Each structure stands twice: as C-alpha cells, then as structure tokens.
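If you read the sequences in order, they're chains H and U. When the letters of the first sequence are read in order and numbered with my numbering, they come out as residues 36 to 399. When the letters of the second sequence are read in order and numbered with my numbering, they come out as residues 2 to 533.
No lab work stands behind these hints, which were simulated from the structure alone. A few of these clues could be false.
To be verified - Here are the simulated DSSO-like cross-link-like pairs (lysine-lysine), alpha carbons at most 30 Å apart as the crow flies:
1. Lys65(U) x Lys161(U)
2. Lys225(H) x Lys65(U)
3. Lys169(H) x Lys99(U)
As the list claims (entries may be wrong) - Not everything, but these chain H residues come out facing chain U in the computed CB check (under 8 Å):
4. Gly167
5. Ala177
6. Tyr184
7. Thr283
All values derive from a computational prediction rather than experimental measurement. Think of the CB as a built atom: it goes at the ideal place given N, C-alpha and C, for glycine as much as any other residue.
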Amino acid sequence: MGLSIIKPDSNINFVGQRKTFMALSLVVMLVCLVSLVMKGGPRYGVDFAGGVMVQVSFDRTVAPEAISASLADAELPGLVVQRIGLAADNEFIIRASLSDANPETMRSSIQRSLATNLADTSFEIQRLEMVGPKVGSDLRSAALEALYYAVLLIAIYISGRFEQRWFIAGIMAAALATALYGLGKLGLSKPYLVVAAMGLTLVLCWRLKLNFALSAVGALIHDVFITVGVFSLLDKEFDLTIVAALLTIVGYSLNDTIIVFDRIRENIRGRTSPTYAQVVNTAVNQTLSRTLLTSGTTLLVILALFVLGGSVIHDFALAMLVGIGVGTYSSIFVASPILLALSPEELPEEVEKKEPSKPKYAEV
Amino acid sequence: MREGLRWRIVVALFVTVLGLAYALPSIPIVGNSPLGKVLPEDTISLGLDLRGGIYLTLGVDVDKAVENNLSQTGQDIRSVARDESINILRPRMVGTDKLELVLLRADQKAALNKLLADRFSNVVNENPVDLEDGKVRYTLSYTSQYREYLADLALDQAVKTIRNRIDQFGVAEPDIRKQQDHRIQIQLPGLDDPERAIQLIGKTAHLEFRIVKDDANLENAQRGIVPPGHEALPYMVRNQAGGYYESVLVVERDAAMTGEYIQDAYVNFDQFNQAYVGINFNESGARRFEQLTGEYTERRMAIVLDGKIHSAPVIQEKIRGGRASITGNFSRDEAHDLAIVLRAGSLPAPVTILEERAVGPSLGQESIDQGVNAALIGGAMILVFMVIYYGMSGLVTNFVLCLNIVLIMAGLAAFGATLTLPGIAGIILTIGMAVDANVLIFERIREELRRGLTPLAAIAEGYSRATLTIMDANVTTLLTAIILYQFGTGPIRGFAVTLSLGILASMFTAIFCSRIIFDMWAFGKQRTKLSI
Numbered sequence: 036m037g038l039s040i041i042k043p044d045s046n047i048n049f050v051g052q053r054k055t056f057m058a059l060s061l062v063v064m065l066v067c068l069v070s071l072v073m074k075g076g077p078r079y080g081v082d083f084a085g086g087v088m089v090q091v092s093f094d095r096t097v098a099p100e101a102i103s104a105s106l107a108d109a110e111l112p113g114l115v116v117q118r119i120g121l122a123a124d125n126e127f128i129i130r131a132s133l134s135d136a137n138p139e140t141m142r143s144s145i146q147r148s149l150a151t152n153l154a155d156t157s158f159e160i161q162r163l164e165m166v167g168p169k170v171g172s173d174l175r176s177a178a179l180e181a182l183y184y185a186v187l188l189i190a191i192y193i194s195g196r197f198e199q200r201w202f203i204a205g206i207m208a209a210a211l212a213t214a215l216y217g218l219g220k221l222g223l224s225k226p227y228l229v230v231a232a233m234g235l236t237l238v239l240c241w242r243l244k245l246n247f248a249l250s251a252v253g254a255l256i257h258d259v260f261i262t263v264g265v266f267s268l269l270d271k272e273f274d275l276t277i278v279a280a281l282l283t284i285v286g287y288s289l290n291d292t293i294i295v296f297d298r299i300r301e302n303i304r305g306r307t308s309p310t311y312a313q314v315v316n317t318a319v320n321q322t323l324s325r326t327l328l329t330s331g332t333t334l335l336v337i338l339a340l341f342v343l344g345g346s347v348i349h350d351f352a353l354a355m356l357v358g359i360g361v362g363t364y365s366s367i368f369v370a371s372p373i374l375l376a377l378s379p380e381e382l383p384e385e386v387e388k389k390e391p392s393k394p395k396y397a398e399v
Numbered sequence: 002m003r004e005g006l007r008w009r010i011v012v013a014l015f016v017t018v019l020g021l022a023y024a025l026p027s028i029p030i031v032g033n034s035p036l037g038k039v040l041p042e043d044t045i046s047l048g049l050d051l052r053g054g055i056y057l058t059l060g061v062d063v064d065k066a067v068e069n070n071l072s073q074t075g076q077d078i079r080s081v082a083r084d085e086s087i088n089i090l091r092p093r094m095v096g097t098d099k100l101e102l103v104l105l106r107a108d109q110k111a112a113l114n115k116l117l118a119d120r121f122s123n124v125v126n127e128n129p130v131d132l133e134d135g136k137v138r139y140t141l142s143y144t145s146q147y148r149e150y151l152a153d154l155a156l157d158q159a160v161k162t163i164r165n166r167i168d169q170f171g172v173a174e175p176d177i178r179k180q181q182d183h184r185i186q187i188q189l190p191g192l193d194d195p196e197r198a199i200q201l202i203g204k205t206a207h208l209e210f211r212i213v214k215d216d217a218n219l220e221n222a223q224r225g226i227v228p229p230g231h232e233a234l235p236y237m238v239r240n241q242a243g244g245y246y247e248s249v250l251v252v253e254r255d256a257a258m259t260g261e262y263i264q265d266a267y268v269n270f271d272q273f274n275q276a277y278v279g280i281n282f283n284e285s286g287a288r289r290f291e292q293l294t295g296e297y298t299e300r301r302m303a304i305v306l307d308g309k310i311h312s313a314p315v316i317q318e319k320i321r322g323g324r325a326s327i328t329g330n331f332s333r334d335e336a337h338d339l340a341i342v343l344r345a346g347s348l349p350a351p352v353t354i355l356e357e358r359a360v361g362p363s364l365g366q367e368s369i370d371q372g373v374n375a376a377l378i379g380g381a382m383i384l385v386f387m388v389i390y391y392g393m394s395g396l397v398t399n400f401v402l403c404l405n406i407v408l409i410m411a412g413l414a415a416f417g418a419t420l421t422l423p424g425i426a427g428i429i430l431t432i433g434m435a436v437d438a439n440v441l442i443f444e445r446i447r448e449e450l451r452r453g454l455t456p457l458a459a460i461a462e463g464y465s466r467a468t469l470t471i472m473d474a475n476v477t478t479l480l481t482a483i484i485l486y487q488f489g490t491g492p493i494r495g496f497a498v499t500l501s502l503g504i505l506a507s508m509f510t511a512i513f514c515s516r517i518i519f520d521m522w523a524f525g526k527q528r529t530k531l532s533i
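Excised from the complex, chain H in its bound form (with noise of 0.2 Å):
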C-alpha cells in the first residue's frame, strides 16, 4: 500500500471541537462583515461599477506620478494609476470612472494626452476595458442572480438526493418564487432582493426541516462571504472572473460537504454509532484522508495558476486559494456541526424502518 497521510484508524473528534470553531467561523465572518461595512460594500472593479481600464506598456522607465499628471487635461474622474508585474516591465493599469464622461471618446482621450505629455517615450496599450453604467449595473445584477439560483437549485437537489423530499423541496421553489415575484412588484432593487432570497432560503430550509439542505447552504454562503470579505480585507477589485471564481467555490465546497454527507447517511443506514453525534464524527474521520488529498492537490495547482498565470488570471487564482481553503475548513468545521445541531441526538428510528422501500440505496 502506498503513502498515507492520516493514519486509518483516525478519530479525531471534531465534533467535540465544534463549539470553538464556530466561535472562529463568527469572529471571521464578523471581521469581514465590518470591512465590508467600512468600505461601503465590495470594490466593484470596471465590470461592475461601470468605467474604463486601460494596460499599458512603455519602453522607458515612467513613474506612475508622471502617468497621472500627464493625464490630467484629460480630466479623468477618479483616476488611479497603478504599476503590475516588476519595475522593469514599466506596465502599469490606469481606472477611471466613466460618470458623464464619453465612453467612445475616452480611449483617444487617453492616448492622446498619454502621446503628448510623455512624448520621450513611446507606449502601447495592451488591453482596454470600457463598461458603461447601465451594462456594469446589467453584468451586477445578473452575477448576484446567478449566485442565488445556484444557491436554490443546490438546496433543492441536495433535499431531493439526502432526504427523498423532492416534493417538499419543490414547495420551496415555488413558494420562493412567488415570494420573489411579490417583493420585486414592491420594487425592491435586485442586490436587496437577492439577499432577501437568500435569508428567505435559509428560513424555508428551518421551517420545512431540510436540514441536509440548510447545512450545506449554511456553509456556502461561510464560504462566499469569507473570501468576498478576504477581498475586501486585501483592497483587490471584483469583477466578471471573480463571480467565476466564487460560483466554482460554491461548486467545490458543496463537493467536499457532499462527500461528508454522503457518508454521513451511509453511516446511520448502517447505524455504526448510536448517536449522531458519533455518527458525525466517524464520517468526518473517515472521508478526511480524502479531504486534504483532494484539497491538496487542487490547492496545488491553483498555486500553480497564481504564481505562474500572468496577471490577467492572478486576482481569479488567488480567489480560488482563499475559497477552496475555506471551503475545505467548512466542510470539516461548519456544515457537519451544523447539521448535529440540528438534528436529534439519537439516531431516527424512521431511516431503518424506510429503508426496505428504497432499494436505491440498500448498496449504498
């Protein structure tokens, strides 16, 4: 038999552990939570907030100061100009926010005043990104839904495969749907709205007892929130790629709460443990070995993509890092904790007594 990093017969107990690391999970989510609130929200990057970037590259050594003065006859609103990569690429990013401004005249704008006031060195615009308001607000409430119809179209999946309550879990969607409908004819905006999906989701998940559902939600949404609360720590700019990045978050943390879940339920049909919370724990420790493998390699190839990628996919790998990590942590330390929280202590009775009608599963 080849390596293995955690011994066979493992038992940790997590379980015993949960306490303070939802104390941990809070206190992070709180930090996020106020940097988020004294920054007003995420920094949305040109994709969202609508305005102009432009990389470009000069042969000769230029200060970004000089970049900024030699642009200012083109009256810019809320100009930065910012060096990437090493001082000897002189490659620097230049944002500006559209507001009044013209887009279509925006790109000669620049260059000209770019030609004429740094005229000793030639330069090359490498990529430019202009977004208009109203198609960075289009692109903004699109993302925020996607997020949510993955969040929703997960919990009823998960309701439908773990607890073989389709029906229930379609009561959800539909009631949710026509809660939607009712508070977008109220006029809420679309940012509000998904949010309050969101909480509406969690709540119906409690109310109807989904508990599979809640848990894995729960954690994604620890998830999502820690690393767009990590980029708003870190001052870095969300834009089309970063949505990318986070519904692939949402996609790998279910991933690793699933195989957890999964092994979970095959653990009380063979009703190895007499409580849950044994039941829990023993799932944890025996699908952790694949855990960190899978973690690790994965982790090991995003490295790969933020150190090796180029600038162009730095901001995506670096996303992907904090996410899968957390995702990791919270498939460990967050959904199965708050899946025995919800549950009784005692293993159901009902799950033996079904099981003869759902052949299904008998293998599993």
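Start from chain H and add chain U according to the hints.
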C-alpha cells in the same frame, strides 16, 4: 465478466480514438501536417482574451429609428394625399412618437380618413380635432405591434449595416450578433487599429437633406431660440484662409429626404484638391431628389450628417439624374471612411458603445503562454504526487487524467466552443476534480483492503461505493456550471463550458476507464497484492 469487459474496452477505445481525432487538429504541428487533412476540421477557437482583438457591445437607439420612420411616413401621407387632391399642411412630429398634420378643408375629412385606413393601416388615427377656421388637426401614431416590428427591423438593419462596413474594412472572422435589450455584440479578433474600426462601426451615417430657413435670426438661434418646427444645427463654415469656424444654421426639423436611397458613394476632389464624397441615388431616390429640388429651387438645402451640417448649397435648378455631393472639411481618410459607411448603408438609428474590451495581440500571446505553462506545471506536480502516493494505481490515474484532457480538448473543438483564459483555469480546476474522483475510489479501495477483502473484491466494492458519491458531488458542480453559462457572458461562458465538459469527461474516465484497467489487471488471475 469476460463479455462485459470486452464490450467496455471497445467503448473506451472508441471514445479515445474519437477524442484524439477531434483534439489533435488543434495542436498546430498536427493540424498543419498531412495527418491534419484526414482529421476533422474543427479546431478550438481561441477567445479574444487569448489572441487579441476587440469586443464591443453597442446599444441601438431604436426609439429614434421609429421616430425617423414615422416622420418619413408623414411625408408619404402628404404626397399620397396630394395625388388625391386632399390638401394638408406639412406634417410635423410632436414629441417622439406622435405625428401631427393639419387638413385644410374639413369637408375632405372622410376622404382623408379613408386614405389613412386603406393605405396606412399601421397608423393609429386619434379623434381629429376641428380647428376654428375650417381646418382639422390629425394626430397619428404607430400601433404598438408595428412599433415593435420596426424596432426589430431597425436592429436587424443595424446588424446588417455593421457587418457590411466591417466586411469592407477587412477583418477576418468577425462575429456580429443581436442581444437582448436592443444591443449588438461584435467580436473582431486580431485587429491592429481598434480606434478607426470603432469609429467606422459607430458612425450612424444618418444622412439628411433639410431645407434652410434663411430669414431666421442667427443670434437667437445661437441661444436656442428658433421658430416652431425648426432647429439650429452646428455648421462648419470654411473661410477664405482655408480654415474653419463653427456657426449654426436654422433648418426645418423634419428631413426633406434621408440617405436611405443612396446607391453608391465615392471619393472625389474639387478644383482646390479638397476631398468630397459623391453620391448616386437609386431610382426612387433620384425621383424624390428631383421633386425636392424642383420644389425648393433657390432655397438653401443643408446636407446633414449625424446632426452636423456639412454644406448648405443653394439649389440652382431642379436636379435630374440622382447625383449629389457632400463637401466639407474632410481629409482623404475621412472621406474614404465616409464613403464606406454611406455605401454600406446608414445605421437606422444612432448607436452608442456600451462596452468595449480590447486586448493587444502581444498580451494575448503572453497570457496563453503563461496559462499553458501554469497548467503544465500544475498538472505535472499532480502526476508526480499521485505516483508517489498511490504507486501503480497512481499511474492508472495519470493515464486517465491525460485521456481526460484529450476529451476536454475534443469536446471544445467538436462543439465549436471558445477557449478563454478563465477556460484554461477551468481545465486546471477540472484536473483537480478528476483527481478527486480517483482519490475517492482509491481511498475506498484502501478501506476495503483494510477490512480484509481480496484485491478483486476491494476493487469491486470500492468502485460501487464511490460511484454514487462522485455522481452527487459532480452533479452539483454541473448545476453551478449550467447557471454560470446561463448568466455569464464572454469569458465566463467559456469557463462554464470547459468546466461542464471537464466534469463529464472526468466521470467517464475515473469511473469507466480506470475500472477497465483494474479489471484487466485482475482478470483471470488471483492477484494477492495491489499497489495502491
């Protein structure tokens, strides 16, 4: 068992060969070799972020198009009415969606109503109002269905016009398509001079001929005070020294004629070697122009392009033959581009650039190099790790991982999907997920071995127990990928496609293909030791 195994090997080989056939042409060395001619022609197309180029989202002001159309209809009503000896005053627009016309004799009301109902069925005729001196005021507007139809038509025409212009400009593989909310998405790969292309695309080239009100007070007009039904437009006037100064002219608000009748446009030079653009009208345009110049002889006619007056010559006589020219302060390039846009047709409505993303070709190449390098190094680290950790079984994983990547590439090529930078990230992530599936199976097999099962039984048990878990985990990821595709645009969609392909490929390779290798290894012999 034997039968089952044979059948599965056939399926796996078939998929592998198919995968290779679609994946290989995308590798330049193979694609250009004699082998490349036998293989399918589909290759993976690279996104603009990887090969450089421009991505534009244009908003089309379709309301303006409908307004122009209604105004034109007003002219048509007047000329048809004149043929039937119904006397109406020149129609004028009220706001942006209503047309007002005044009938001079109330006793012709029935005739006009009939004419409107018969010939202009898309027009809603509100109750005409009787004015004091025997005149009747009509207020017309389009039905909402017809407005929608016109809006769609305007969008289609805009797409067609832009395609014509880009074709004349000469860009390989342009991609122009309609989007929701009257938007047009344009992708122009590998373009060197984005600025000129954008100007060419964005130029409305809305050409109008408008009659000048010569007796207007220009000082008042500068301050925005103009007689009703008129407006002041900027006018570039050429002075003796050859320079220009900006002035205004007061012109009628409704165009006497628009540029839609243009058949051809070309650059020419006058006696001062100043470039001008000559235009030829088509047949109905020529007729219209003749009628117009006959009606307004000795008046000045302003040639208005996109809201700016370029010249305002005095009409000497009725012009037959359908030729006109636009003079103004053009450079040769400007005149050339103007001729292109006039020939390609004017946009039915003004367009605005809502979104622009441009990547220079050098950065694109740099990005792809870095992305591929990172992917190779990350992948290599995993391959080494798996062999160290799982021994021979790790080799099996490595084999199916490579097959996995081949299948993703084949899928991208076969579906004509676009590989973007986030897409490369998606492939890298998929490698992680594929490793996960293998790890899940192997950890299970190890568990079963520890319970004292024989290798053969442990393999069977491990696969069957891990399969459902893998399915559950991957279906949820697939759900997020689908949502990503639904809501995402451009590069994000590319990411979603690679992720979905990768998940499907990894389920196939990890559950189906690697099992075959283990079964082949175990087949027929009572193996006692498994390197895992």
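Outcome of the hint check:
no., hint, in the structure
1, Lys65(U) x Lys161(U), "holds, 18 Å"
2, Lys225(H) x Lys65(U), "holds, 29 Å"
3, Lys169(H) x Lys99(U), "holds, 28 Å"
4, Gly167, "holds, 4 Å"
5, Ala177, "holds, 5 Å"
6, Tyr184, "holds, 5 Å"
7, Thr283, "holds, 6 Å"
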